[in-house]
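Combine the two chains into a complex, taking the hints into account.
So the sequence lines, in the order shown, correspond to chains A and B.
When you line the first sequence up against this note's numbering, it's residues 155 to 430, in that order.
When you line the second sequence up against this note's numbering, it's residues 121 to 236, in that order.
Please keep in mind that the hints were generated in silico from the structure rather than gathered at the bench.
The beta-carbon is built from N, C-alpha and C at its ideal position, and this holds for glycine as well.
A few of these clues could be false.
Unchecked claim - With the C-beta cut set under 10 Å, the calculated list includes, among others, these residues of chain A facing chain B:
(1) I157
(2) N281
(3) I282
(4) G351
(5) F396
(6) L397
Claimed, not checked - Over the 10 Å line for every Cβ pair with chain A, so calculated as not near, a few chain B residues:
(7) P123
(8) A125
(9) R128
(10) F139
(11) V148
(12) G149
(13) H150
(14) K175
(15) D216
(16) F218
(17) T219
(18) I225
(19) A227
(20) A231
(21) A232
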Amino acid sequence: VSIFQLLLPAFVASLILTGIHAYLGVHVVERGVIFVDLSLAQIAALGSTVAYLLGYDLHSTAAYLFSLSFTFLGAAIFAFSRVHRKTRIPQEAVIGIAYAVAAAVAILVMSKATQETEHLKEMLVGNILSVTWPELAKTAVLYALVGIFHYIFRERFLMISMDEQEAERRGLNIRFWDFLFYVSFGFVVTSSVAIAGVLLVFCFLIVPSVTAMLFAERLGPRLAIGWGMGALVSAAGVALSFLLDLPTGAAIVATFGLTLLILAGVRKAFFKPIAA
Amino acid sequence: MAPYAGTRIVTFHDSWPNFAKAFKLSIVGHVEPKPGIPPSPSHTLEIINLIQAQKVPAILVEPYFDRKTPDYIAGKTGAAVVIFYPSVGGTPAVGDYFTLFDTNINAFIAAAKGKK
Chain A
155 VSIFQLLLPA
165 FVASLILTGI
175 HAYLGVHVVE
185 RGVIFVDLSL
195 AQIAALGSTV
205 AYLLGYDLHS
215 TAAYLFSLSF
225 TFLGAAIFAF
235 SRVHRKTRIP
245 QEAVIGIAYA
255 VAAAVAILVM
265 SKATQETEHL
275 KEMLVGNILS
285 VTWPELAKTA
295 VLYALVGIFH
305 YIFRERFLMI
315 SMDEQEAERR
325 GLNIRFWDFL
335 FYVSFGFVVT
345 SSVAIAGVLL
355 VFCFLIVPSV
365 TAMLFAERLG
375 PRLAIGWGMG
385 ALVSAAGVAL
395 SFLLDLPTGA
405 AIVATFGLTL
415 LILAGVRKAF
425 FKPIAA
Chain B
121 MAPYAGTRIV
131 TFHDSWPNFA
141 KAFKLSIVGH
151 VEPKPGIPPS
161 PSHTLEIINL
171 IQAQKVPAIL
181 VEPYFDRKTP
191 DYIAGKTGAA
201 VVIFYPSVGG
211 TPAVGDYFTL
221 FDTNINAFIA
231 AAKGKK
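One chain only, chain B, in its complex shape (with noise of 0.2 Å):
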């Protein structure tokens, strides 16, 4: 993850505070900042445009919430959609605490890369 500190990331929800502190990563905004509450016209226009003007490559977002609002933005800017699991067992190939940093980490490796 070393090359990729400082690279700057929008989440669904405020949710990886941790993981970001953890590798370097930089949060710029939440596709949904208040959980539960479908996002104003004006935040969603807001977070497209950071997106574009910062060059973010990647949204993550759980695999519990609805991909529509992210996947819109996604389309608008060019940004993958990144699926983060929270906790072992997300997705039966998540079977330890190993694999569920191993599977994160390289779906958004996957994600970095390809805006490089």
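With the rest of the complex left out, here is chain A (with noise of 0.2 Å):
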């Protein structure tokens, strides 16, 4: 084995997993529901923990029927508790709700089971060079199908998520679309997840997404940015945590943290200021 064969797979897989959530992300910003993505993920956590007590493995079919069962209702509660507009409950804090009692009912359910368990903490740190080609494929034509699915209802999710009174003026369903692109959206960071952990994923979720509206505008630069931003940062990611001996996820979320410093820097430095 070399380390070519053992690297290529953790980069296809960052590349997989930036091609569609540099798109989501640019949802995810717009719509400012930024921590999402780690409340989704404590969810479908705690279906698999319930699995689990039910005497499931945790990485059987059962158990990632439950989880998904589980992220679909919170996606129902996250596309019915859109009330910001009119109370002043801002969306982020259901999500904080969702995140801190899913994670406290998971150690509740722990609490009951009779087995040793550590799986709880290891299923959200998850370790990208471990992934395999067949998970990998798999997974590319899940990413596949729901970047067909968004593609085709492109202009619904992006109204809503860009334009929100106006969706409301033509009279879409918001809750409805709202409980699809949640759906979508669990579907995905579900299996991220599971390959690369909540930090990486949260990271290809929001920092492509963010780096790119301080270059730009209209959201087909921005995707473009936020892919090419995605693709190149792995790659040094993976290089890095090579190089210098470093577990690569952390590598990989560090690397990201630090070219968004760098371009912040230079957006300030040789471009125009942002028009309020």
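In structure tokens form, the structure reads like this:
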């Protein structure tokens, strides 16, 4: 086994994750629901924990279906709690509450488990190095399907994310489309977190999207910048983790942070100030 | 266990030194040398090459660790991931201290035999 064979799947995984997350990140940042992926990941983890308590293996299909149904439940909660325009309760409050309660209930469930359990922590950490080709192929197909779904209904999803009032004026069923958004989002996040862990998935989602907003306003350029940045930073992070003998996931996350910092500096030094 | 004296093994953490000493097994490496920190690419590569070069038949992993990384290394090398229970009650079948050792030893022998 050569180092190249070892690192290539991790790098390809980063590219696949960048592909879908840099796009979903645009929605997430526009909607101001930054921590929705952590919350949904925690709810999905709660689902697998319940499956584990009922005697299913954590990596079984049954456990996956459990975590998926819990994710759908979370999607429903986020779609129907969209009340912030009228009541001043921010959506992030609901997301935070869902996160804390899901994490606490998972501890309660674990306290009733008969076997030794440290899985809960592990599930949310992930190790992008240990991803396998069959796993990547499955993930790529799943994300392509979600991507096609979003492409078909792009006008609705984008309008709700970027101009909610206009969507309302046109009589879109916002809750219904929100539910579909969070369901598809939950699908993606559940698989991504299993591969890469929450920290890395959060970065793929938010950092490219935020970076792109420093330099562009229109959707097309923003996506191009996000994808380009995600791919380059992933490659740099994977290479650094090998050269400096560091854990790969954390190395990519830190590289994302550093790159954003540098680009923000470049933005300030060489470009016109952002118009308010 | 006598026939297996001198067998080289890899463990998840540095957690079986006394077991290895008692049965004359030699621990040649750990999947995750720093508990809780995912292993770096070079370390993982080193373990994979070590297992192949020294014909290590088994990777011992406690039941509460995630199997992803050990399974991955096993897939690359042909070594078997063997679940080793550190204490009584780890699985309903392990009811006392003697069954604990029987369970672990049997699991190890099954893996070591398969590779001979």
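### Task
Would you list, in rising numerical order, the hints stated earlier that this structure does not obey?
none
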